[in-house]
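**Student:** Sequence:
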Amino acid sequence: MVEWKKHIANANWPMVIYLGYCHALALAAIPYFTSCKWQTWVWTLVCYQAAGLGITGGVHRLWSHKAYKAADSVRVFLMLCNALANQGTIYHWSRDHRVHHKWSETEADPHNANRGLFFAHV
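So for the sequence shown, this note's numbering puts the first residue at -17; every next one is plus one.
In case anyone wonders, no lab produced these hints; they're calculated from the structure.
We put the beta carbon where it would ideally sit given N, CA and C, even for glycine.
There may be inaccurate statements among the hints.
Claimed, not checked - Pairwise CB distance ranges, derived in the manner of DEER restraints: (1) HIS74 x TYR14: 31 to 37 Å; (2) ASN68 x TRP23: 33 to 39 Å; (3) VAL58 x ASP78: 31 to 37 Å; (4) HIS74 x ALA8: 20 to 26 Å.
What the hints assert, rightly or not - Lysine to any residue pairs mimicking SDA-like chemistry, simulated, CA-CA at most 25 Å apart: (5) LYS51 x LYS19; (6) LYS(-12) x LEU7; (7) LYS48 x LYS19; (8) LYS19 x LYS(-12); (9) LYS84 x ALA49; (10) LYS48 x GLU87; (11) LYS(-12) x ILE(-1); (12) LYS48 x ILE37; (13) LYS84 x GLY39.
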């Protein structure tokens, strides 16, 4: 129980509240799913794929690992795709990911799975 209190005291409360709000809105939208047009579902799938591309191809490989070089137009496109993913700024995502690789599974790791599932992913 003492361990929980330590983590709760160190929680990023504005982010916890924001993510809770996003999930509450998603739950509130469930009754409207059946009234969506097919075009809405197609657009949802397109945005979902674009957001995934923004994370995997953009902020993860391009900006965090610097695995490849991209033209400015591609960088802007990946920036916009990353914005769809709602995972914060490119700077903060890349910084946290680099720290995660450098200090994996230690107290300095921002995604240390030893602290539990919630702290590893939020």
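**Student:** Tell me, in ascending order, the numbers of any earlier hints that this structure violates.
**Tutor:** 2, 3, 5, 6, 7 and 8
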